[in-house]
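Construct the complete structure from the given sequences, taking the supplied hints into account.
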Amino acid sequence: MSETLLTMPLLAPFVEFGFMRRALAGCLALSLGATPVGVFLMLRRMSLAGDAMSHAILPGAAVGYLIAGLSLPAMTAGGLLAGLAVAVFAGGVARHTVIEEDASLATFYLLSLSAGVLIISLRGSSVDLLHVLFGSALALDDATLLLLAAFTSLSVVALALGLRLFVVDACDPAFLARISRLSPIAHYGFMILLVINLVAGFHALGTLMAVGIMILPAAAARLWVGNVGPLLLCAVGVAFLGSLIGLLFSYYVNLPAGPAIVLTLGALYLLSLALGPLGPLAGRRRAGWHFER
Amino acid sequence: MNAASAAGTWTRPASPILRFENLTLGYNRHPAVHHLHGEVATGSLLAIVGPNGAGKSTLLKAIAGELRPLQGRIELHGVVRPQIAYLTQLATLDSRFPMVVHDFVAMGLWREIGAFAGLNGAQRRRVDAALGTVGLAGLESRPIGALSGGQLQRALFARVLLQDAPLVLLDEPFGAIDAASVRDLAGLIRNWHGEGRTVIAVLHDLEHVRREYPETLLLAREVVARGETAKVLSDANLQRARQLAERRADPRQAAICHDDGDRP
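Respectively, the protein sequence lines represent chains A and B. Residue numbers for the first sequence follow this note's numbering, beginning at 1 and rising by one. Residue numbers for the second sequence follow this note's numbering, beginning at 1 and rising by one.
Please keep in mind that the hints were generated in silico from the structure rather than gathered at the bench. Backbone N, C-alpha and C fix where the C-beta goes; we use that ideal spot for every residue, glycine too. Wrong hints could be hidden among the right ones.
As the list claims (entries may be wrong) - Short, incomplete list of chain A residues facing chain B, as computed with Cβ under 10 Å: (1) R21; (2) L70; (3) P73; (4) V228; (5) P230.
As the list claims (entries may be wrong) - So the derived list for chain B, only partly shown, Cβ under 7 Å to chain A, looks like this: (6) F97; (7) M99; (8) V100; (9) M107; (10) W110; (11) A115; (12) G118; (13) G121; (14) P143.
Stated by the list, open to error - Per label pair, the in silico range of CB-to-CB distance: (15) H30(B) <-> A103(A): 49 to 57 Å; (16) E140(B) <-> V157(A): 42 to 50 Å; (17) R81(B) <-> V127(A): 56 to 64 Å; (18) L118(A) <-> A117(B): 47 to 55 Å; (19) S125(A) <-> G149(B): 56 to 64 Å.
Shown next as structure tokens:
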């Protein structure tokens, strides 16, 4: 009896409402696809670059919107094209000028954000703008769910096949470049994975929030786990747990789902900072252990 | 280790593994090493010494193929670039990366296993043996971030060991590590030399070079002296290297050397 009382509030919204089940399925897809990519973003010290890339998608999606309204294929195609173009272009600017990659990405990100907002304002309402910026996790239709599932499947398969390549490229890129001709594939392949997962995340969480489900679980998991394989699994777990809690939170308190999920993930990160064995508060304990050896 | 069996394939003729032909190297069109000629014999144990900014690391980088010569060329004989083991200075590695020592060292087997294959039993034993050789047995499952500077350098040497490379380039391998690690790793380099591998190391400690390295290249943006270590490291040569380095460091003097033909 007490068991039912405890689990009911956790399950009821999903049992009762289709849109909650869809949101949960979408979040599961993002946790499996986008979060591992976020782990690699963090390991490559590109977390902010990921943020910038997520904004770079906006003008592409906005042009799709301008042409076809809130159309899934048009906005997806626009986002993919814009994201890939910026990935190549920003990397090129950093390689061939004195501008560092972070500064280069920051300029693109500001331009993209303002251009995207302008383009949507040309035709749309502020409701459409909110949809694009913050997503609509609670209004995922069949087509969008299928798209998320497809991108996630692609991403999981690619990561599984190229795992060693991605790990070595993140750990010691100069070594990989020396020893293997596959090193450009690791770099550009990763950028493509980043873009497709950002576009997937954009539909559920919006361009401003999409990167949240990448970076926050990765950062939280890093405070618990010290090896890359378990780190990927742990981050996926954190992402799904955060999504679940965030969705419930948004249901009961009547909040927008995207920010609720990202805030929950942020809370899990803060919790990890305080409790994680690799966090700052565990530092003293760890130093002691180190000297005892 | 199979290194010993491979030694037979690198008998030691006087044939060169490397040839420099009027080699000029630099960054952003500013030359750092000028008009280098000469050969490195297969199986050499060669130290590169010189003042700061003498172009020592630049030369290693060019041999490894990561820097295109401004002028002239480097010929490789009997070795291709991916076979070269190149240990850069410690600072370039992200030691906070969440990876355990075993996996890190196993990266040295990349040319055998590639991006997809797993380690077989024999390869696992070779990783363990390499860890034992460098004195890291028992630390396999420690994250690399938890290693001391000396231990991390030992791990990097174990990775080089597994690369089974005919040509090994070491850039200041003993920069900031403890005396015991220096002693052990220097022994490892002697073994590589004994197996017929060519080892080229940029070093600072002249006493160490006199003790361990039969041949030395004294560099100060150009070759000051080259050959038997005892003769190369004479007071007169070292003095001259210092003077050259100071003069080159003066921008007005450096500007004089613009005699390379292919400059636009």
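So, going through the hints one by one against the coordinates:
Taking 10 Å as the C-beta cut-off, the interface hint given for R21(A) is violated, the closest approach to chain B being about 35 Å. About 41 Å separates the beta-carbon of L70(A) from the nearest beta-carbon of chain B, more than 10 Å, and the hint is not met. Of the supplied interface hints, the one on P73(A) is violated, with its beta-carbon coming no nearer than about 34 Å to a beta-carbon of chain B, more than 10 Å. At its closest, the beta carbon of V228(A) sits 5 Å from a beta carbon of chain B; the interface hint therefore holds under the 10 Å criterion.
Taken as an interface hint, P230(A) checks out: its beta carbon lies about 9 Å from the nearest beta carbon of chain B, inside 10 Å. The beta carbon of F97(B) is positioned within 7 Å of a beta carbon in chain A (closest approach about 5 Å), and the interface hint is therefore held. Nearest Cβ of chain A to the Cβ of M99(B): about 6 Å, under the 7 Å cut. The hint holds. This hint holds: V100(B) has a C-beta 5 Å from the nearest C-beta of chain A, less than the 7 Å allowed.
For M107(B), the suggested interface contact is upheld, since its CB lies about 6 Å from the closest CB of chain A, less than 7 Å. The restraint placing W110(B) at the interface with chain A holds, with a minimum CB-CB distance near 5 Å, inside the 7 Å limit. Taken as an interface hint, A115(B) checks out: its beta carbon lies about 5 Å from the nearest beta carbon of chain A, inside 7 Å. A hinted interface residue such as G118(B) counts as satisfied when its beta carbon comes closer than 7 Å to some beta carbon of chain A; here the least separation is about 10 Å, so the hint is violated.
Hint status for G121(B): violated, given a least beta-carbon distance of 19 Å to chain A, over 7 Å. Because the smallest distance between the Cβ of P143(B) and any Cβ of chain A comes to about 4 Å, under 7 Å, the interface hint for this residue holds. The beta-carbon spacing between H30(B) and A103(A), approximately 24 Å, falls outside the hinted interval of 49 to 57 Å. The hint said 42 to 50 Å for the Cβ distance between E140(B) and V157(A), and at roughly 30 Å that hint is violated.
Between R81(B) and V127(A) the beta carbon distance is about 58 Å. The supplied range of 56 to 64 Å therefore holds. In this structure the supplied range 47 to 55 Å holds for L118(A) paired with A117(B), their Cβ-Cβ distance being about 51 Å. Checked against the given bound of 56 to 64 Å, the beta carbons of S125(A) and G149(B), roughly 60 Å apart, stay inside it.
Hint compliance for this structure: hints 1, 2, 3, 12, 13, 15 and 16 are broken, all remaining hints hold.
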